[in-house]
Amino acid sequence: MRYFYADSLDTVDPTFDYVTEESSPTRIPQRDDVYAHELYGPDRPYDGILVSKFLLDGKTSQSRYSQPQRQRFFREGAQTFLRFPKSGEFDPDKYPILGDCGAFNYHLEEVPPFSVDEVIEFYDICGFTHGIAVDHMILAYDNRYDRGLMPTPNEFKRRADLTLTLAEEFLAKAKSGKHRFQPIGVAQGWSPKSYQEAVKALLDIGFDYIALGGMVPLKTTEVTEVLAAVRDVTQAKVRLHLLGITRLENYDTFVKSGVVSLDSTSPLRQGVKEGIYYADGGPYLTIRIPQTDVNPRVLKQIRSGAFSQEELVAMERRCLNAVAACGRGELGPDEVLRELMAYEACFEGKSKWSEVRRTLLDRPWEKCSCAVCATLGINVVVFRGANRNRRRGFHNLWYSHRQLSALRTETTEGVDR
Numbered sequence: 001m002r003y004f005y006a007d008s009l010d011t012v013d014p015t016f017d018y019v020t021e022e023s024s025p026t027r028i029p030q031r032d033d034v035y036a037h038e039l040y041g042p043d044r045p046y047d048g049i050l051v052s053k054f055l056l057d058g059k060t061s062q063s064r065y066s067q068p069q070r071q072r073f074f075r076e077g078a079q080t081f082l083r084f085p086k087s088g089e090f091d092p093d094k095y096p097i098l099g100d101c102g103a104f105n106y107h108l109e110e111v112p113p114f115s116v117d118e119v120i121e122f123y124d125i126c127g128f129t130h131g132i133a134v135d136h137m138i139l140a141y142d143n144r145y146d147r148g149l150m151p152t153p154n155e156f157k158r159r160a161d162l163t164l165t166l167a168e169e170f171l172a173k174a175k176s177g178k179h180r181f182q183p184i185g186v187a188q189g190w191s192p193k194s195y196q197e198a199v200k201a202l203l204d205i206g207f208d209y210i211a212l213g214g215m216v217p218l219k220t221t222e223v224t225e226v227l228a229a230v231r232d233v234t235q236a237k238v239r240l241h242l243l244g245i246t247r248l249e250n251y252d253t254f255v256k257s258g259v260v261s262l263d264s265t266s267p268l269r270q271g272v273k274e275g276i277y278y279a280d281g282g283p284y285l286t287i288r289i290p291q292t293d294v295n296p297r298v299l300k301q302i303r304s305g306a307f308s309q310e311e312l313v314a315m316e317r318r319c320l321n322a323v324a325a326c327g328r329g330e331l332g333p334d335e336v337l338r339e340l341m342a343y344e345a346c347f348e349g350k351s352k353w354s355e356v357r358r359t360l361l362d363r364p365w366e367k368c369s370c371a372v373c374a375t376l377g378i379n380v381v382v383f384r385g386a387n388r389n390r391r392r393g394f395h396n397l398w399y400s401h402r403q404l405s406a407l408r409t410e411t412t413e414g415v416d417r
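So in our numbering, spot 63 of the sequence shown is number 63, and the numbers just go up one at a time.
In short, the hints are calculated from the structure, not lab data. Mixed in with the good hints, there may be bad ones.
What the hints assert, rightly or not - Once the Cα atoms are required to be at most 25 Å apart in a straight line, the calculated PhoX-like pairs of lysine-lysine come out as:
| # | residue 1 | residue 2 |
| --- | --- | --- |
| 1 | K193 | K219 |
| 2 | K200 | K173 |
| 3 | K300 | K273 |
| 4 | K300 | K350 |
| 5 | K256 | K219 |
| 6 | K219 | K94 |
| 7 | K94 | K157 |
| 8 | K193 | K157 |
| 9 | K219 | K273 |
| 10 | K200 | K256 |
| 11 | K256 | K94 |
Generate the whole structure from the sequences, applying the supplied hints.
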């Protein structure tokens with residue numbers, strides 16, 4: 001089973017100084033900043049990368065790609081732009097790059113904003129090793145539809161039928177030309193039976209690799225009931241991909257259902273946005289030290305005159321120094337907490353101090369063997385700025401991939417692990 005990281009142009013500055021909090025004056029981000037797979041080298045934190053057409057095309061505010069970056073991506077191709085692999089070679093076995101449309105981003109529209117021809121051209125130009133058919137999400141799952149307890153809305157059927165029609169056109173055109181990418185069909189549904197019927201239809205069309213979409217909001221029990229229904233059709237002999245789902249605690253069920261790949265940004269997002277650090281004894285909450293010059297809550301206090309900028313900068317610096325001293329073993333958790341609590345009291349922060357104390361006591365970064373933790377030390381559990389937060393997200397990706405690797409090693413049954 002392979003894990004794909006959904007790309008959003010996440011890179012970090014390898015020259016960033018955590019004491020001065022400055023980058024090298026000669027740094028050029030597009031040349032010098034590195035991806036997670038470059039930071040980790042051979043011990044890379046994912047098997048492949050997923051790139052969304054919707055995000056890359058810049059049709060959403062979520063896209064981090066500037067117009068020049070988009071143009072360079074199209075000009076150079078995915079392998080060279082992402083440096084995956086560094087040689088830029090097309091290698092679907094060792095360095096798979098999967099293209100998809102980003103259906104969640106247009107699920108409120110009546111029809112997908114792309115034609116099949118546009119998507120195939122996108123996959124060809126970018127040089128993806130695998131390409132997912134154009135699809136349209138339903139996002140209204142309820143197993144009561146299968147029990148006749150609720151009538152199925154016509155809109156659900158329309159979207160499912162449209163997805164199958166587009167899939168049939170996609171596969172026919174993918175097979176008719178000289179396209180290098182492997183086509184993947186998408187099943188969209190609203191109940192176990194509807195997913196089962198969609199998968200059967202895709203098999204009849206001719207797909208041998210099928211992605212299950214629209215399942216991110218589903219509870220784990222609902223995901224497993226969908227997989228059980230699908231397995232009745234595939235007999236676990238058809239390759240499945242789970243879009244937007246990892247949930248490795250269900251690895252055995254996934255393998256027995258024929259799941260050979262999955263993708264998710266959750267580990268990265270939880271590290272960057274939520275300040276969560278993955279570890280064997282975790283997850284752990286991070287130490288929040290807001291930047292006085294950019295944090296809205298801190299700036300509000302300065303502008304109101306409640307505190308001077310000099311006062312808050314001094315408190316901020318004391319927090320950073322205390323955390324660094326704790327990392328060196330010179331200060332205990334309670335001494336660090338006093339500085340943190342005094343600073344946060346100025347702007348009414350929301351830290352959970354018992355959880356922060358647990359992080360400081362357990363020192364999980366010292367028990368981790370990954371490249372990020374070895375380099376950052378205690379900084380990996382400090383919630384502050386993109387260079388710390390993204391590296392923590394990279395660590396979470398590595399940790400999740402390590403879990404998957406261990407499961408792959410332990411498993412002796414199943415399909416294409």
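>> Hint by hint, where does the structure go against what was stated? Just the numbers, ascending.
In response: Hints 6, 7 contradicted; others consistent.
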